[in-house]
Structures are given as structure tokens and as C-alpha cells.
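Enquirer: Since chain A is already given, all that's left is putting chain B on it; use the hints.
First to last, the sequence lines map onto chains A and B. Using the working numbering, the first residue of the first sequence is number 3, and each one after it goes up by one. Using the working numbering, the first residue of the second sequence is number 3, and each one after it goes up by one.
No lab work stands behind these hints, which were simulated from the structure alone. The model shown is predicted, which means the values in this text are computed figures rather than measured ones. A portion of the hints provided could be inaccurate.
Identical copies carry no separate label here, and so any pair may be met within one copy or between two of them.
[Stated by the list, open to error] Under the rule of at most 30 Å between Cα atoms (straight-line distance), these lysine-lysine pairs were calculated in the DSSO-like manner:
(1) LYS241 x LYS91
(2) LYS240 x LYS295
(3) LYS277 x LYS197
(4) LYS110 x LYS62
(5) LYS62 x LYS91
There are 2 protein chains.
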Amino acid sequence: MEKYLVTGFSGFVAKHFLDFLDEQEVPAYVLGVDIHRPEFNIYGFKYVRCSFERTDLLDKDQVDNIIYQFQPSYILHLASFSSVAFSWKNPVASFANNTNIFLNLLEKVRGMNLDCRILSIGSSEEYGNVHAEDMPLKEEHPLNPISPYAVARVSQEMLSTVYVEGYGMDIVMTRSFNHIGPGQRDLFVISSFAKQLVSMARIEGKAHLVTGDTSIIRDFVDVRDVVRAYYLLLKKGKKGEIYNICSGTGTTLKEVLDKMGMILGTEVENQVNEKFIRPNDNQIIIGSNDKIKEAIGFEPSIPLDESLRDIIEYWKEQIEQTHENTL
Amino acid sequence: MEKYLVTGFSGFVAKHFLDFLDEQEVPAYVLGVDIHRPEFNIYGFKYVRCSFERTDLLDKDQVDNIIYQFQPSYILHLASFSSVAFSWKNPVASFANNTNIFLNLLEKVRGMNLDCRILSIGSSEEYGNVHAEDMPLKEEHPLNPISPYAVARVSQEMLSTVYVEGYGMDIVMTRSFNHIGPGQRDLFVISSFAKQLVSMARIEGKAHLVTGDTSIIRDFVDVRDVVRAYYLLLKKGKKGEIYNICSGTGTTLKEVLDKMGMILGTEVENQVNEKFIRPNDNQIIIGSNDKIKEAIGFEPSIPLDESLRDIIEYWKEQIEQTHENTL
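Only chain A is shown next, with the shape it has when bound in the complex (with noise of 0.2 Å):
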């Protein structure tokens, strides 16, 4: 049987990646790590059989431990303090949960010599400072990272390059784009927006939202279209190489706005607050995924009008349970 082991196991990306597993109808069993117990039933899959231990990666003993006694034939690495504004202020704390953590799960795999397929996901923060006519990006673009975060990821990509080339490991290397999807958390702005668009057309049948600049373009993917991309990585892809994960169309968030209020039929006013515009932040990201097309043949299936549909319909579903709960 198929063993997974998935770090960053209680985000949203692992939720709907056991989803997908269960979906593939074949017998996998999955250990799950995090410092955070998940908030979805681990017992509730047909096919994937899981279980779950609290770890904090960055105690390389409880990494050894976990890695020797599962012996994991594959690893997605999802853990991640994937917070550009976190990593402003908290850069040291960045550069741990991200480099740190990575290098422990490198070096207990290449210690054990175990025969064992990594994914290494990255950011499409790493392109850092970008301009309009680069877009989209690809590849093989330079790396400019401008953010602590970003220069945490580059870090461990370079390591992963380096533990391919240097000791023979099967690693494969993601940058992702905006993963967009029901259950992301509200820290995220596509979520941030349907949260607060679903509460006040509950209540006033129209929106007011106060935002930063809703003129910058970003690249969305669904999270279930990302899944798809990690396991057929995990089977397909070739070690050693970086693809971009990525819907290759970029969109503004007032389009998104728009979009939304569509969708909820209520009219969204929109003022821009200057305090809540990013120094540093890039206008435009959008990605080229001609490269991950042609490896092994993934395109995003899922259009942007349903992940915001299907979007809305989860924050509906948990502000309803809250008002209930609080009924």
C-alpha cells in the first residue's frame, strides 16, 4: 500500500488533497503532521486510511522518529509559515518554519537512504519583483525575492536542487500561485472578501468593503486543481525539476469583487484604504504552466466563477452554523 506521509496536515491544501486520494478508489494509507490537530475527520475517507501526530517539525528528533517508524514512499511537504506579512515581522521565525523544518525531512530521508518521492512546494513569491512584461512567468525567469518569506523558499528550493544533484534524492519542486477554495481561512484575501461579502448581504442585501488596491492582477488557481498538480507530480513529474503551478490568466480582485457580487446578486461598493496597500507589492503575477501542460499533461479544470461560487457557498454554510449555534 501506497504510503503518503503529508506535513502542514490541518491546512486546507491537505484537506482536499486526501479528497482527491479517496477519489483515486485505490487503498493509500497517509500519516499527517502538524502542530495543529485538524479540524476535519480523519476517519471520514472510503480509501485513504489516516492518521495523525501532533509533530513540530523543527524538533529533529520527533522528525526522525516520525520518518523511521512510517518510512514514508512519498512526502508532500505542505508545512509552511506561508505569511509574506508574518515574515516581516517575524523573519527568523520565517526562515525556521520553512528552510529549517525542510532540511530536518531532507536529512532523516537522505540518512535512512529511503526510496521515497519528495515534493517540495514553493511560492510563486520567489519571482519577487516582477514586471508587467515579464508575465507570464516561467521557470526559467530570475529570482528576486523581496520578502523574508520569499527568500526562505528560494532557500529551500536551492537546497532541494542541491540534494538532488549532490546525494541523488527524489525531489520535485513546485512554485505555486494564489491557491483559491472552500475552507481556505480568512487571513487570505479571496476568502477575506467572500466572508465579509456573504455576511453583510445577509444582513443589508449590499456590500461595503474597505480593502488595499483592488487594481493589482494575481493568477488563481483552485486548491482542488493544485491537489491534482501535487499527486500527479508525486507520480509523473521529473526529479530535480521546478514547475509552476498556476491558472496562466491573471485577474484583478475588483474583478473578483464584481465577480462575487454576481454570483451573491448584491450591489459591492468598494473603498481603497491606503493603510492596508503593501509597500513592495508586485502589480502583476501571472504564471506560465506550458511547462507542467507538457511534463505530464495537468491543466486547471475548474473555472474561476466556481471556485467563487463554491467559495461563497462555504462561507454561507459556516456563517449559517454560526448564526444557528448562536440562536
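Expert: Only chain B this time, still in chain A's reference frame:
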């Protein structure tokens, strides 16, 4: 009085830096920190007042105390696990003792909002995999690190850039090529050659050396030129900029051996042993020093022959002393 914090204080570069600083005939206060005690007399200077604190830079509390109490105007950050070979055996320690110690320093300087210039020492290893047609390497050449050590150095450099641009800190960066000079440990190739040749010539009148590939070409720069460059960069380098420190010329190891033979008046036979040949090693590395020349007028002044004569003199003294001590 100017206050210099010098990390990696017990290494040979720091000693040469102190000599240079003393020659400026300007009173200066130096606090040296290192895990190991220095082997030189820290009270032997005329203008430089030195003290030493045994310090583990991985220990955040120790770093915090040092910087809080000393409040340096300059930090010359020489501390590093600089062996590529070691980094392959212990990548985690290499990463921690390069990147993480640097972050500890930066964070305290940032937290205290200290008006302090930091010189971050990098390495020509950052360029990684290069080709003959890329020579001489300019600072804008893409980085392609191929060892854990090199990745750690690139991370340090990227973090420097982020701290300059994101927090406005005053950091200048180097990529230093192969330093040579009297006092260097025989872990390093030129020093090792010299020590062996001096020992053999003393006893047999001729020398037979087993080496790795002596056709490889490196850019050797005298440590006394290097420390002068460091001093000038601390004084006049441009914040956020990266400077190669190199001679600008390439020399094969074979030529170095021949020159040493001439200086010693000894015939040198050289036998290449496969097991000393490092996989992945670059055939040729030569830097361009145009940028530092133009920016601050620095040019190396000590020709290779003079460096080699001084290195041989150094080993003659060392070996003479050992011999006397054992009589």
C-alpha cells in the same frame, strides 16, 4: 572612537584585518567574538584596543547581549563554516552556522535600530556551476549554487538584500574569491601545498606531492588585499551592493606548485590521485573586479609570487619552531 564587532575573530582573516586597522594609526575599539579563543596576542596592537568574548552565534541570547552591550558602529561578519566538503557531510550544521547566525546578528541590530554598517562576507562558491566562456564572473552573473555551503551563502546574501530594501538596514555584501596568505590553516589547498613542500624540501631537497586535479584554475587573492577591501567597503561601499573581491586573474594549481618550487629552489613532482578529485568541481573560476575598482578604487596590490613567498616563509617558521620545540 570607532567600534568594530568582528565575528569569526580567531580565524586568519581577522588577524590580518586587525594588523591593517592598526596600520591606519587611528584609535579603534574592536570586540572579537568566536567559539574558539584566538591564538594571537590581542594586546599586541598600538592603535587598536581589542577585547574578546567567547561566543556561540547560534545562541540568540549571547548575540543579543554582545550587540546590546558593545553597540558597534561596524560589524565585520567573518564567522562562517566555510568548508564545502564539510557542508556535504553536515548540511544542517553548515546552514545553521552560516545563514542562521547571520540572521541572529541582523535581528538584534534591527531590533535595537542601531546605526551600524554590516559587511556580509559571501563567497565565489555562490556562482556555482559556471563555464569558461562566463569568465571573468561579474556580480550580475546568475547564481547557481551546487553545494549546501554555497546555498547557505546565497541565502545570506538574499536576506541581506531583503533587510536593506525592506527594513532600510545598512549592509554591504561581498563575494570573496580564494584568499591566500600567511597564517592560513593547511585545510586550504595553497597553504597545504606550501606546508608539505617546505617539510619535504627541508629533509630531502626535493618534493613529491600527491594532489587532486592541478589543472583547475582559481582566482587567488592575498588576504592582506582582502582585508583592505573589507575596510574600504565598511567605509565607502554602497549600501545594498554586492562586490566581488578577487584578483581578476586565473592561475592553475600546477602553476602555483611550480612557482613554489622555484621559490624553494626545489624540484617538485606532482602525482594526481583520483580520490582527491572533487566531483562537481568547477574547472575554472575567475572573478571580475571592475565593480569594486570603479566604486571605491580598490585594486589588489600584492602579486601572487609575493603571497607565495610569504606563505612559504610562514611555514618555514612554523616548522622550524616545531622542530626546535621537539629537540
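Enquirer: Which hints from the list above does the structure break, by number from lowest to highest?
Expert: Violated hints: none; all satisfied.
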